[in-house]
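Taken in sequence, the protein lines are chains A and B.
Take 3 as the starting number for the first sequence in the numbering used here and just add one per residue.
Take 56 as the starting number for the second sequence in the numbering used here and just add one per residue.
Calculated from the structure, these hints are not laboratory results.
There's no promise every hint is true.
To be verified - Computed footprint of chain A on chain B, listed as stretches where at least three residues anywhere in the stretch have a Cβ under 8 Å from a Cβ of chain A:
1. 73-85
2. 101-111
3. 197-203
For each residue, glycine too, the CB sits at the ideal point set by N, CA and C.
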Amino acid sequence: MSFLFLLLLAVIGGLVYRHTFAWLFLSAGVYLFWHLINLYRLDNWLRRGRQFATPSSLGVWGEIFNHFYRLRRRDRERKRRIAYLLREFRNSTSAMPDAVVVVDALWEIIWFNDAASRLLGLRPGSDLGRRIGNLIRHPDFVGYLRHGDFEEPVNIPAPAAPGVHIALSIVPYGSDQRLLLARDVTRLHRLEEMRRDFVANASHELRSPLTVVSGYLDAMRADARLEGDWGAPLAEMEHQMLRMSAIIKDLLELSRLETEAREAPFAPVDVPALLQRVQRESQALGYGPRDVSVQIGEPLWILGAESELYSAFSNLVFNAMRYTPDSGKVLIRWAANGEGATLSVSDTGVGIASEHLPRLTERFYRVDRSRNRDSGGTGLGLAIVKHVLQRHAAELDVESEPGKGSTFTCSFPVERVTREARIA
Amino acid sequence: MDKLNLTHHISQKFNEELEDVRNRVLAMGGLVEQQIVDALRALTEGDSELGRAIEQHDYKVNQMEVAIDEECSRILARRQPAASDLRLILAIIKTITDLERIGDEAEKIGRFAARLAEQERPNTNYREIEHLGNHVRTMLHDALDAFARLDAEAAVRVAKEDERVDGEYDALSRQSITFMMEDPRTIRRVLDVMWSARALERIGDHAKNICEYVIYLVRGKDVRHSGFEAMEREVLERP
Chain A
3 MSFLFLLLLA
13 VIGGLVYRHT
23 FAWLFLSAGV
33 YLFWHLINLY
43 RLDNWLRRGR
53 QFATPSSLGV
63 WGEIFNHFYR
73 LRRRDRERKR
83 RIAYLLREFR
93 NSTSAMPDAV
103 VVVDALWEII
113 WFNDAASRLL
123 GLRPGSDLGR
133 RIGNLIRHPD
143 FVGYLRHGDF
153 EEPVNIPAPA
163 APGVHIALSI
173 VPYGSDQRLL
183 LARDVTRLHR
193 LEEMRRDFVA
203 NASHELRSPL
213 TVVSGYLDAM
223 RADARLEGDW
233 GAPLAEMEHQ
243 MLRMSAIIKD
253 LLELSRLETE
263 AREAPFAPVD
273 VPALLQRVQR
283 ESQALGYGPR
293 DVSVQIGEPL
303 WILGAESELY
313 SAFSNLVFNA
323 MRYTPDSGKV
333 LIRWAANGEG
343 ATLSVSDTGV
353 GIASEHLPRL
363 TERFYRVDRS
373 RNRDSGGTGL
383 GLAIVKHVLQ
393 RHAAELDVES
403 EPGKGSTFTC
413 SFPVERVTRE
423 ARIA
Chain B
56 MDKLNLTHHI
66 SQKFNEELED
76 VRNRVLAMGG
86 LVEQQIVDAL
96 RALTEGDSEL
106 GRAIEQHDYK
116 VNQMEVAIDE
126 ECSRILARRQ
136 PAASDLRLIL
146 AIIKTITDLE
156 RIGDEAEKIG
166 RFAARLAEQE
176 RPNTNYREIE
186 HLGNHVRTML
196 HDALDAFARL
206 DAEAAVRVAK
216 EDERVDGEYD
226 ALSRQSITFM
236 MEDPRTIRRV
246 LDVMWSARAL
256 ERIGDHAKNI
266 CEYVIYLVRG
276 KDVRHSGFEA
286 MEREVLERP
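Model the full structure from these sequences, guided by the hints.
Below, the structure written as structure tokens:
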């Protein structure tokens, strides 16, 4: 519009005063100058950036400046809102009692909250960009990072807070980012410790009175005068006595396994000989099938604790005996499996319904209450098996079909298996 | 691929290698820290099995030392690092030697603890040695933190702690002598306690060495055998 106006002015000026081209040239020059001035102002404004209000102008430049003004106002509004949200978010995560650390694919720290500096000893500012494993160096945590299996949290003492125990877990999210969460579990840890101590002390204290009672029982059983009326009750009492001392023995064994160091020692154990021994003993039990066979695929040894492995294997085999009719079969197999090795105990017994399988290794868990009582088990066998295997980094797997039989499989990892007897 | 990109790629790979080996040193440090914690627990709680178990874990520390050593020689041979990278490698090689020795000392304490657990406990209940042990453990922890953060000021602070550890050790040995004079029957036990305290004091010295390597790594100046004043001057006056 303004350009047409200027053009008209130039033409009129030309008509009145001649020199039309000079007038045209002059007006074009003025017009160009006006544009350049406005461009300069725009550039200046953009460059400074700090000034909020745009310069004002006429015509097309006024429009442009107006657009810019509106854009900037909208941006500012949005920025303010996002900043507010972010601040609120950070405030809320900072106030969280759990430690939160954001790490990237290389385990370098991107951000963490106040609780993380309190529990984990991270320093705000200077610790950003450092690897988390360099600052939290507990072997269990380092192993947890290396294994990359983050399903279960790992429990370690807090690096910065003495006496505090934390459960650390890692949640991957987004593209290659991970969230590390640490929760204070001191109370839980103490409770667990108390429970463990209680079980250990209680079973220990129960043992001595039981010994006294069993001594008197022996004497009474030997007494011919009591044979008549009291023969049957005394036999039953002795039977229950034996059961009770078996339970206490297993409880003590279990609490010992729980309180000992995390890993079993690495002493060579002759598994084939151990299995032969278990097989011989199974024949002397007085129940179960006669047909118990041992198959050795390869004479592999295990690096571990012999007494623990013996109690695990014998528990598996005696369990199989207990739930298999006399006409059935029990098969013990020891074979290489890829790099590691597996022991499997199969029977042709009553089997276990699938809903019981996940709870099978719980203490005193009974599949069938009426049946178990007379079979003489303590209800702790499989819990012992589980703990022994855990200490040897091995896994227990159970397959079973009711009426057909069950197979218990223990898989030992490569670092626990050896081809020959190593001299310790 | 153009040359610039390639060298960039190489240096980035190199950086990753350096960071990895540093990471492994600190993981080894964590293992050693845990050994000390276990040894102290075996001692104060009279847990002879735990004391013996430390010995079995020591092979891991030794294995790590050998692996890190090999990795360092490989980096030296292939990358021929200079300046701070070279200092990092040298500091690592020295640090792992000290860490390995600390592991050996912890193993020693574990052995003494197993022996002490079978004897009668004194009525002080090993409180003094527990205090000394916690002090030394914190020292090692802070020394490794200084190594992780490349923090020379923290390293000086930790190195200074060694004087107090030495003082505590002296007090403990004087006390032990009075115990032995009072009742010669305790000599066996008190000697074992003394040896454990000696091992702890040695751990403190090794932790101090690690601090000196950190200062060397960050400031490029060897502060060994120069006294704390020189060390402080070196670090604090030249920021």
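Verification of the supplied hints:
| no. | hint | verdict |
| --- | --- | --- |
| 1 | 73-85 | holds (count 7) |
| 2 | 101-111 | holds (count 4) |
| 3 | 197-203 | holds (count 3) |
Every hint, counting from the list given before, is met by this structure.
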